[in-house]
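First to last, the sequence lines map onto chains L and Y. Counting from 1, one number per residue, gives the positions in the first sequence under my numbering. Counting from 1, one number per residue, gives the positions in the second sequence under my numbering.
Treat the hints with caution; some may be incorrect.
To be verified - In silico PhoX-like links for lysine-lysine, alpha-carbon gap of 20 Å or less:
1) Y/LYS73 / Y/LYS44
2) Y/LYS528 / Y/LYS33
3) Y/LYS494 / Y/LYS528
4) L/LYS144 / Y/LYS161
5) L/LYS144 / Y/LYS156
6) Y/LYS449 / Y/LYS33
Hints in this document: simulated from the structure, not taken from any laboratory.
Given next are the chains, with one letter for each unit.
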Amino acid sequence: MNEEIIATEKFDSQLRRTLVALLDTMIPANDEFNAPSAGTDSIVNDVEQSMSDNTPVMVSEMLNRLNEQSKVRFEDLDAHARWQAFTELQRTDGHALRALGGILLQCYYRNDQVLESLGMEARAPFPLGNEVEQGDWSLLDPVKARGSFYREV
Amino acid sequence: MLSKQEERVDVVIIGSGASGAAAAWSLAETRMKILCLEQGEWTKPNEYPSTTRDWEARHFTEFSISPNRRARKTDYPINDRNSPIAIANFNGVGGGTILYNAHFPRFHPSDFRVRTLDGVADDWPIDYETLEPYYDENDRMMGVSGLAGDPAYPPKLELMKPVPLGKAGQALGQGFNELGWHWWPSDAAVATEPYDGRAQCINLSACTSGCAQGAKASTDITYWPHAIRAGVELRTNARVSQILVDENDMATGVVYFDEEGIERFQPAEVVMLACNGVGTPRVLLNSTSNRFPDGLANRSGLVGKNLMFHPYSSIQGVFDRPLDGSHGPGVCIWSQEFYETDLSRGYVRGFTYEINRGRGPVGTAYTGVFSGRIPWGEDHHQHYRRMVQRMTGMVGICEDLPEETNTVTIDDEMVDSDGIPCPRIDYTLSENSRKMLDFSVERATEVLKAAGAYDILTEAPIAGGGWHLMGTARMGTDPERSVVNEWGRSHDVKNLFVIDGSLFVTSAGVNPTRTIGALALYVADSMKQRLATLFD
Chain L
1 MNEEIIATEK FDSQLRRTLV ALLDTMIPAN DEFNAPSAGT DSIVNDVEQS MSDNTPVMVS
61 EMLNRLNEQS KVRFEDLDAH ARWQAFTELQ RTDGHALRAL GGILLQCYYR NDQVLESLGM
121 EARAPFPLGN EVEQGDWSLL DPVKARGSFY REV
Chain Y
1 MLSKQEERVD VVIIGSGASG AAAAWSLAET RMKILCLEQG EWTKPNEYPS TTRDWEARHF
61 TEFSISPNRR ARKTDYPIND RNSPIAIANF NGVGGGTILY NAHFPRFHPS DFRVRTLDGV
121 ADDWPIDYET LEPYYDENDR MMGVSGLAGD PAYPPKLELM KPVPLGKAGQ ALGQGFNELG
181 WHWWPSDAAV ATEPYDGRAQ CINLSACTSG CAQGAKASTD ITYWPHAIRA GVELRTNARV
241 SQILVDENDM ATGVVYFDEE GIERFQPAEV VMLACNGVGT PRVLLNSTSN RFPDGLANRS
301 GLVGKNLMFH PYSSIQGVFD RPLDGSHGPG VCIWSQEFYE TDLSRGYVRG FTYEINRGRG
361 PVGTAYTGVF SGRIPWGEDH HQHYRRMVQR MTGMVGICED LPEETNTVTI DDEMVDSDGI
421 PCPRIDYTLS ENSRKMLDFS VERATEVLKA AGAYDILTEA PIAGGGWHLM GTARMGTDPE
481 RSVVNEWGRS HDVKNLFVID GSLFVTSAGV NPTRTIGALA LYVADSMKQR LATLFD
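Construct all of the structure, not just a fragment, from the sequences and the given hints.
This is the structure:
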């Protein structure tokens, strides 16, 4: 998690704190799998940079509503209260949350540390490609035994 | 007033995809002056998503199959709000083959005789035997992998070894075997060994957003290098707005906008349309005149009618063991157990199952989260790990029957970046298709369970799956029941030809690209055989 959160082009520092806390609530760190929190700097930066068109505005409005409905700022709540506020947000702001969730998933699951925690190589598919086993072609024997069945005309 | 007039050519082909490329190459041997106008550009392989870390995300943006989402300058918007299936295409050299999955089945002999065999739709004016040599020629040009001996087909050309089964193919092959149902390695337009200067497949996972390896047969790297060497000119960023005709009902050439938006006139002796089942009727319906007030070559009233997709079902299973994830070419195995009519199933005609390996890390997350299987919060990781690299499944590609109420027309308001009116789609899923989709979901669920899947995800029809655009300028011998004759020439305009999927009389239950290529070669060959009497 970030110690110091600064303003960016899309979010002021206060709203960015809320965003980080929300992402951390959506995908928290997991020690068992060595998986990072979605509030990790590199992931939050990627999420921000991946927002286009009107998404930053839509997300900002959602974060403001989240803070308003929480009475105190979302990031100042304890984990249990954050989860309750997030659950309410899913009910009241489903469209915006879905948009943010889609961006988060594409950024989280291309992050180096996340892919490593899944045992996957953090690289583009090209040029190295991937191995796929040829497989057991004898599985076709019963299909061959059945013989031709296409419809004659 | 047209600002520029180009030098006259013998043949102008509109569109450079599966059909335009094949026809250009075939006609090149005549030494005629041939020009292809393509509204898009060349796509650079080093810019395909699989060359970058965000390859999955880019599949949903600049390499989206939806022209409305992709929204490049070279795309035209399509109003498909009145259709449960949205249009998919690509506008660039290679057309739809840039983003297709390279599933490459042929039609069956029975697909050309639907009226005779099942009493529905119409027979084609040609048969399988007529197209067979052109299938073979197209296969050689594209490079096809597969395994000879598929009992669902007559014998056919074998060029390269099949794509690998992988864990997914083996799992589902066992599932089909358990039920005693047909399956076979899919024919694929994928080079499994070096072929015609192209490298072999290295299982990049990303066929449907362009093949950086060049193993997938898109026509920009198959036909076009040969056609250009043979003297064909391919002009990009050239978007045709209309075809002009004279008082004798002969096409005089085409009007197009160049890259700078300058309107030009390209005179030609012959005009060939290769713009797909939506783009071709769009050009024809935009080409109105005193002689053709309802659109060019439309005295039958059938231009834009009988639009056929293939309604797709998606049936995916979650397994308790690791599979291949997204690795491999998208193509794997197919089943045609339910291809032919059996009225006890409650519908007529049939479908093919195409097994489609698995999903990447982002695709798995989307599927899991948005289907409610992977929660947000503390349990996210555990549930995600139950799905990642443990999914595989299939799609059912259902034969769509022609109906005149399913149409491409011109939208009242929407225009592209050159101001050309855009197409509007009105399409209703038929009761027959609905029943076929339901049946395909039920049987595929049985296969997946037999293969060991413990959770099944389904979607039918696939809402964004309007990949195959057919039937909107159908071929036939009767000018009142068809737009072009049995070799692709317009009944109304004797130097105008259609060579793309618009020609299809029926859709069959298989992907159309192999048949589109073969048909284009057949039309081109028909023209070559009649050069002295082409306009009679």
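Hint check results:
1. At most 20 Å may separate the alpha-carbon atoms for a hinted pair to count; Y/LYS73 and Y/LYS44 meet this at roughly 16 Å.
2. For the proposed pair Y/LYS528 and Y/LYS33, the alpha carbon gap of about 14 Å is at most 20 Å, so the pair holds.
3. At most 20 Å may separate the alpha-carbon atoms for a hinted pair to count; Y/LYS494 and Y/LYS528 meet this at roughly 15 Å.
4. Pair hint L/LYS144 plus Y/LYS161 holds up; C-alpha atoms about 17 Å apart against a cutoff of 20 Å.
5. Annotation: proposed proximity of L/LYS144 to Y/LYS156 holds, straight-line Cα distance about 16 Å (limit 20 Å).
6. Restraint check: the Cα-Cα separation between Y/LYS449 and Y/LYS33 comes to about 58 Å, which exceeds 20 Å; the hinted pair is violated.
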